[in-house]
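**Student:** Keeping the supplied structure of chain A fixed, place chain B upon it in accordance with the hints.
Protein chains in written order, with the working numbering: chain A, 1 to 143; chain B, 1 to 982.
Source of the hints: derived by calculation from the structure; they are not laboratory data. As the structure is a prediction and not an experimental result, all values here were calculated from the model. Do not take every clue at face value.
To be clear about the criterion: a stretch of chain A counts as covered by chain B if any three or more of its residues have a C-beta under 8 Å from a C-beta of chain B, and this derived list gives those stretches [stated by the list, open to error]:
| id | region |
| --- | --- |
| 1 | 18–30 |
| 2 | 71–78 |
| 3 | 123–130 |
Simulated DEER-style distance windows between Cβ atoms [said to hold, decoys possible]:
| id | chain 1 | residue 1 | chain 2 | residue 2 | range |
| --- | --- | --- | --- | --- | --- |
| 4 | B | R294 | A | A64 | 36 to 44 Å |
| 5 | B | S687 | A | V42 | 51 to 59 Å |
| 6 | A | A64 | B | K20 | 16 to 24 Å |
Distance condition first, Cα-Cα at most 30 Å in a straight line; then the derived DSSO-like pairs of lysine-lysine [what the hints assert, rightly or not]:
| id | chain 1 | residue 1 | chain 2 | residue 2 |
| --- | --- | --- | --- | --- |
| 7 | A | K110 | B | K674 |
| 8 | A | K129 | A | K141 |
| 9 | B | K31 | A | K141 |
| 10 | A | K57 | B | K45 |
| 11 | A | K110 | A | K57 |
| 12 | A | K110 | B | K158 |
| 13 | B | K35 | A | K110 |
| 14 | B | K158 | A | K141 |
| 15 | A | K39 | B | K378 |
| 16 | B | K117 | A | K11 |
| 17 | B | K339 | B | K325 |
| 18 | A | K11 | B | K31 |
| 19 | A | K110 | B | K339 |
| 20 | A | K11 | A | K129 |
| 21 | B | K299 | B | K325 |
| 22 | A | K129 | B | K334 |
| 23 | B | K158 | A | K129 |
| 24 | B | K20 | A | K110 |
| 25 | B | K674 | B | K624 |
| 26 | B | K45 | B | K31 |
| 27 | A | K129 | B | K86 |
| 28 | B | K299 | A | K57 |
| 29 | A | K39 | B | K339 |
| 30 | A | K110 | A | K11 |
| 31 | B | K86 | B | K20 |
| 32 | A | K57 | B | K334 |
| 33 | A | K57 | B | K339 |
| 34 | B | K117 | A | K110 |
| 35 | A | K110 | B | K31 |
| 36 | B | K86 | A | K141 |
| 37 | A | K57 | B | K325 |
We treat Cβ as the ideally placed atom computed from N, Cα and C, and that holds for glycine.
Residue strings, one per chain:
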Amino acid sequence: MGIRFVLLVNKQGQTRLAQYYEHLSIDQRTALEGEIVRKCLVRTDQQCSFVEHRNYKVVYRRYASLFFLVGVDNEENELAILEFIHLLVETLDRYFGNVCELDIMIHLEKVHFIVEEMVVNGCIVETNKSNILMPIQLMEKAA
Amino acid sequence: MAAQSIMDSLFQHTLSDMIKSLRHHPIGESKLISKSLDEIRREIKSTDPSTKSTALEKLTYLSSIHAASDMSFASFPIVELLSSPKFPLKKTAYLAASHSFHSSTDVLLLITNQLRKDLASANEHEVCLALNLLSVIGTPDLLRDLTPDLVSLLSTNKLLVRKKAIALTFRVFENCPDSVRLLFRRLVENLESSDQGVVSATVGVFAELVGRDARSYLALAPEFYRVLVDCKNNWVLIKVLKIFAKLAPLEARLGRRIVEPICEHMRRSGAKSVVFECVRTVVSCLSDYESAVRLAVDKIREFMGESDPNLKYLGLQALSVLAGKHLWAVGENKEAVIKALSDADPNIKREALRLVMMMVSESNVADICRILVNYALKSDPDFCNGILRAILVTCCRNDYEVVEDFDWYVSLLGEMSRNPQCREGEEIERQLVDISLRVKEARPELVRVARELLIDPALLGNPFVHRILSAVAWVSGEYVEFSRNPIEIIEALLQPRANLLPPLIRAVYIQSAFKVLVFCVHSFFFPRETVRSFSLDNLASRVSGLLSEKEDPESLNLAIRDTSTDFEMDKDFDLRFHSRTAEEIAMENVGDDAYADGQSSSSVVLQNPLFTHDCVLNLLNLVKVALGPLSGSDEVEVQERAQNVLGLVGLIQQEISEISLVEMEGTVREKKSKASTIIQIMQDVFSEELVPVAMTVQERVLAPEGLVLSENLAELDAICGDIIPPESSSFYLGGNLFGDKNSVSTSNQRNEEESEEPSSESTSLLAQHRKQHGLYYLPSEKVDAGSSDYPPANDPQSTDNLIDGAQDLMMLTEQSLVTKKKPNHSKPRPVVVKLNEVGEMPVLPVKPMQELKDNSLSGAIRDVLLGNDTKPSSSQRKSSEKSSRRRMVTDLPLDSVGPSKSIENVAIASLDPASSSSRRSKHRSHGKGGHRSPEKNVGSEKEDGKKEKKKSHRHGRSKTRHRAETTLNVPAESPVIPDFLL
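Chain A on its own, in the form it takes in the complex (with noise of 0.2 Å):
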C-alpha cells in the first residue's frame, strides 16, 4: 500500500486536508489526527522528520504555518517520502501561486484532485509537475 495517508495540519493542529488509502470511520480519523498531531507538532526544527505510530511510521514536513504528514510502511523510503511532500508543496504552489492555508482551504476539492493525480492507490504514479496539473486544467476548461 506504501502511503497510508496524506495529511494537512496548521499550526493549531486543525485538519486542512485529510486523504486516506484505507477506510477508517470517522471516530477512528479524528483519534488518529489527534494522536499524531501531538506526536508530530511538538518536534523542534532539531529533531527528525520521522515519527514511528502504532504500527507505521510518519514522515512530515512543515512549511511556514502548515505541517504535511504522510502515514507510510514501515519498509518506505523516508526520504523519498519528504521528497513527495516537498513535490507535493511545488505542485500546489505552481497551481494556485504562493500557496497559503487559505487557498488549501477554500479549493479543497482542488487539492484533493491534484493529490489524486499523484498517488493512486497508495502509489505514487505520478512525480512532474505539468503531468499532475495538467488534467486539473482540462477539466477546469472543460467545466
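**Tutor:** This is chain B only, laid out in the frame that chain A set:
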C-alpha cells in the same frame, strides 16, 4: 416542493460561503456546522442536481476537514449524481463517493453499471474518476465484475488512464486473484513502457506484490534489472531496489548480479533518498559483498556527519541493521554513535542507545554500563529509563552471558535502583532474586547491596523502588548468613517507615525479619555451629588464609573447651586473643571488614562475637514492639506473618529469659531447651537452599505406584492431628496451616516464604514438607545433572529423603512446586553456572528443553531469512543441538520421566533441526541449479526470458512451464509466472 427547491437553489449557500462564514466565526464553529448540516440535509433532497451537488460539496468538506458528520445519509444522492451527464456534478459525486463509501456501503451494488459506463467513456477524465474511485472502494464483487473492462485500459494509449489502471491492479489482484490471468501479462508489458509515470506505477504495483510473496516474481528479475540499470527516475529506482531487496535473498546469483549497479547508483546518485535506499539494500540483503558493504559504511558515515537529523537517524538505523553481521562497522562509527546519545531528538538517542548496546561484550560491558548509568542520571526520565532498560535487557540476555563479574553487576543493579528516575523496579527485582538463586558467588555482594538499600529510609518514599526493596528484603532474609550485622538488618526491616510499603511487600519484610530473627537466635543457642558454617562455608574465600593458620592449634582448644565453659574465658581479656575459637576470629574478621566499610556503629554487636543474651532479648523486644501493632492489620498477608513471628517470639522469649540465670553457671549448652529445639528446626528449614527449577521439572516427577490421593490425604489429617496439638496450644493460627498452604498459593516467591512461614506453628511437619520439596524437585535436577556426567547437586539429602520419603505428602509438594516454583524460575541455573568457573559449581545440568526448542526454532527462522548462506556459527549450533538432542533421547529411558510430555518435547526438538536442514538443503539445490548453467548466461537471460514469455503467451500451459524451466535460469523453480502469462 418545487417552490422549495427553487428557493433552495436561489438562496443556497455555496461551499465558499460556508467556508467564509466558518472562518469568520471561529468561536461558534460547532453551532455553525450543525446549522450547515441541517441545511445540507434539506438541500440534498432537492430535485435540482446542482443544488444537490452543492450540498454534497459542502458535506464532503465538513466531513473530511471537520470530521463533523457521517456521510452515510448522502449515499443515495451520491449515486444519483454519479450518473449526471454534467462533468462537474459527476466530479463532485465521485469525490464524495471516494470519501464516504467503503466496502460495507450498501449502495455499492447500484454503481457497478455506472462505473462500467464511465470506464468505457471517451472522456479520459471520466475514466480517471472511475478508476480513482475503484482504487479506494473496490470490493471483490465490484472488481470482479469490472475486470474485463480494465483489461483494455492497461494498454490504452491514453497514458493518464493507463497509469491509474495499473495502480489499480494491485487492489484487483488482492481482492480477486482470478483476475491475475487476464491482467498480469499486460501489467508486465508496462514495465517496458517509455513513459515514466507508467513504469513508476507498474514498479509500484510490483513492489507491493513482491512484498506479499517474493518467490513468485523471481522470473521477472531480468525486467527489474533493466529498470535498475536504465531508469533515471529516483522514485522508480527506489521501488526497484525494494523489489531486489526482497528477491536477492532467494537467489544467490541475483545478488552477485545487482551488487555492481547498486554500488554504481550509490556512487553516482545525487539524491540522498536513492543513496540511502542503496545503503539499505546492501546492509539488509547484500551484506556478504565486502566492497559493497565498505561503500555503504562510508555512505553511512557521511550521513552521520551531516547536520540533518533525518540523515543521522537513518544512518543509525542502517548501522543497527548492519550490526548483526558486521559489528566492525559500528565500531568504526563509535564516536558518532556516542555523540548521538546526547542528541536533541529522542528518536536519534534511542537508535544510538540500541547501537551502543549492540557493541557490548564481556570485555567492555562494565565500562559501557558505568558510562550509561552515569549518563542516565543526567537524562530526562524517558531516556533514563530507556537506558536502564537497555542495560538490564542486555546484561540478562542468555542468562547473563556478558556478565563475568557478578559482584560488579549486583552493585550496578544497586546503583540503578538509587537512580531517582528509575521506573524499572520490576525488572531489577526479578534479576536480583534470579541472580541470588543462580549465582552462589554473588550472594555476599548481593547481601551487601541489599543492606545498603534496606537501611536507607529515603528509598521507602519512592513507590517505584518498592519492588526492588521487596527483592532486597527477601535476599537479606534468605542469605542472612552473609550479613555482617543481622541485627542491623532486622532494624531496617522493622523500621517505622516501612509502613509506606504496600502490604504485599510489607509482608516480605516481615517474613525476612522472621528469617533473620531465627538466624540470630540460633546463633545465640548454637554459636559454634552457626559460626562454623558461617565462616567455613561462606566466608571461606575471605578468611581462609587466617583460618588455616589458626584452626589447627585451636581445634585442640576447641575439643577441650567444648566441655568447659566459653564464657568464663570470654571474661578474661588477656587470654582472649589466644584462646578464642577459630570461629570467633572469623567473626572478628567480618567485624573488621565491617569497620573497613565504615559501619562502625553496626559492628558493635559483632565485637562481642556472638549474640549475647541481652542482645537477643533486646532483639525479641524490638520485634515484639515493631510487629505488635501489625498483628491487627487489615491485610491478611501482613497480619498473618506478623502473628507468626510474634508467636515464635512469645514461645522462646520466656525460656530465653529463664536461661539467663542458668547461663551464668555454664550449663546452657547441655540443656536442650524446647526453645532451642524449635529454633534449631526453624533454622534447618530456612537454611535449605532454594534453587531455580526448570519449567518442565514437574512433569518428570513420576507418580509413585499405588498412590491414592484421597486415602493419603486422610493420613495427612492423622499426621496433622499428631503433630499440631502439643505446639499449637501457644498459637492461634495453628489449625489454619494446611488451608493456608494450599489455598493461598497464588504466585511468586512470596509464596515460597509463605510456605516456610507456617513452620513456626508445626515445625516438624513443615520440615518434612521441605524435605519432600527437596525430594521432588532436586532429584529431577539431579537426573539432569547425572545425564551430563557431573556429580549430582544435593546427593546425600535426596537419598535420605528417598529412604524416609513419606509419599503421602506428595500431592502437597506437587502443588507447591507447580504454583510457586514454576512461574518464578523459568530457567534453571545451569547456564549461569556455565559462566562461572566450572570447578566452582560442579553441577551442570542439561539445558532445559524449552530453551532448546527456542534455539532450533530461531535457527530455522534464521536459515529461512538468510537463505543458504549458512553462517559459521550455525553449523556449530546445529551440531551442539544434535548432540544435546542425542543426549536427551538416550537419557530418557533412564530418567524414568513422565513419558508423554518429554517425548513430545524431544519430538519437537528433533523435528526442528530436521525441518530447518531440509529447508537449507532446498536452498542448496537452488545454488546447484545455478551452477549448472554457465554464469554468463545471466546477461542474456533477460532476452531469453522476454522472448520466452512472449512466446509462451500463445502456447499451452504445460508447454510453457516446461520451456520456462529449461530455458530460463532464474525462474527454474517458480512455475507460477509462466502460468500467469497465458
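**Student:** Evaluate each hint against the coordinates.
**Tutor:** Okay, the hints, checked on the actual structure:
Given a C-beta distance limit of less than 8 Å, the hint that chain B covers the region 18–30 of chain A holds, as 6 residues qualify and 3 suffice. Counting residues of the region 71–78 of chain A whose CB lies closer than 8 Å to any CB of chain B gives 3, which reaches the minimum of 3, so the coverage claim holds. Coverage of the region 123–130 of chain A by chain B holds. Counting CB-CB distances below 8 Å, 6 residues qualify, and the rule asks for three or more. Distance hint for R294(B) and A64(A): a CB-CB separation of about 42 Å, consistent with the stated range 36 to 44 Å.
The hinted window of 51 to 59 Å between S687(B) and V42(A) holds, with their beta carbons roughly 57 Å apart. At about 22 Å, the CB distance of A64(A) to K20(B) agrees with the hint of 16 to 24 Å. About 96 Å separates the Cα atoms of K110(A) and K674(B), which puts this hinted pair outside 30 Å; it is violated. Between K129(A) and K141(A), the direct Cα distance comes to roughly 18 Å. Compliance with the 30 Å bound is thereby established for this hinted pair.
Taking the CA atoms of K31(B) and K141(A), the gap is about 37 Å. The hint is violated against a cut of 30 Å. Restraint check for K57(A) and K45(B): not satisfied, since their Cα atoms lie roughly 42 Å apart, outside the 30 Å limit. Among the hinted pairs, K110(A) with K57(A) is consistent with the structure: their alpha-carbon atoms are about 27 Å apart, no more than 30 Å. For the proposed pair K110(A) and K158(B), the alpha carbon gap of about 22 Å is at most 30 Å, so the pair holds.
Of the supplied pair hints, the one linking K35(B) and K110(A) holds, its CA atoms being roughly 25 Å apart against a limit of 30 Å. Straight-line distance between C-alpha atoms of K158(B) and K141(A) comes to about 19 Å, which keeps the hinted pair within the 30 Å bound. For the suggested pair K39(A) and K378(B), the alpha carbons sit about 24 Å apart, so the restraint of at most 30 Å is met. Between K117(B) and K11(A) the alpha-carbon distance is near 44 Å, which puts this suggested pair outside the 30 Å criterion.
At most 30 Å may separate the alpha-carbon atoms for a hinted pair to count; K339(B) and K325(B) meet this at roughly 23 Å. For a cut-off of 30 Å, the pair hint linking K11(A) to K31(B) stands: about 23 Å separates their Cα positions. The hinted pair formed by K110(A) and K339(B) fails the criterion: a straight-line CA distance of about 46 Å is larger than 30 Å. For the suggested pair K11(A) and K129(A), the alpha carbons sit about 27 Å apart, so the restraint of at most 30 Å is met.
Distance check on the hinted pair: K299(B) and K325(B) sit about 18 Å apart at the alpha-carbon level, within 30 Å; holds. Of the supplied pair hints, the one linking K129(A) and K334(B) is violated, its CA atoms being roughly 43 Å apart against a limit of 30 Å. For a cut-off of 30 Å, the pair hint linking K158(B) to K129(A) stands: about 18 Å separates their Cα positions. Taking the CA atoms of K20(B) and K110(A), the gap is about 17 Å. The hint holds against a cut of 30 Å.
Under the criterion of a C-alpha separation no larger than 30 Å, the hint pairing K674(B) with K624(B) is consistent with the structure, at around 20 Å. Straight-line distance between C-alpha atoms of K45(B) and K31(B) comes to about 22 Å, which keeps the hinted pair within the 30 Å bound. A hinted pair counts as satisfied when its Cα atoms are at most 30 Å apart, and K129(A) with K86(B) qualifies at roughly 27 Å. Annotation: proposed proximity of K299(B) to K57(A) holds, straight-line Cα distance about 23 Å (limit 30 Å).
Between K39(A) and K339(B) the CA atoms are separated by roughly 25 Å; this keeps the pair inside 30 Å, and the hint holds. Note on K110(A) and K11(A): the hinted pairing holds, with a Cα-Cα distance of about 22 Å set against a maximum of 30 Å. Note on K86(B) and K20(B): the hinted pairing holds, with a Cα-Cα distance of about 27 Å set against a maximum of 30 Å. Our distance criterion of 30 Å between C-alpha atoms is met by K57(A) and K334(B), whose separation comes to about 27 Å.
Among the hinted pairs, K57(A) with K339(B) is consistent with the structure: their alpha-carbon atoms are about 25 Å apart, no more than 30 Å. Distance restraint check for K117(B) and K110(A): the Cα-Cα separation of roughly 24 Å lies within the 30 Å cut-off, and the hinted pair is therefore satisfied. Only pairs whose Cα atoms come within 30 Å are accepted, and K110(A) paired with K31(B) is accepted, the gap being roughly 27 Å. Between K86(B) and K141(A) the CA atoms are separated by roughly 13 Å; this keeps the pair inside 30 Å, and the hint holds.
Between K57(A) and K325(B) the CA atoms are separated by roughly 26 Å; this keeps the pair inside 30 Å, and the hint holds.
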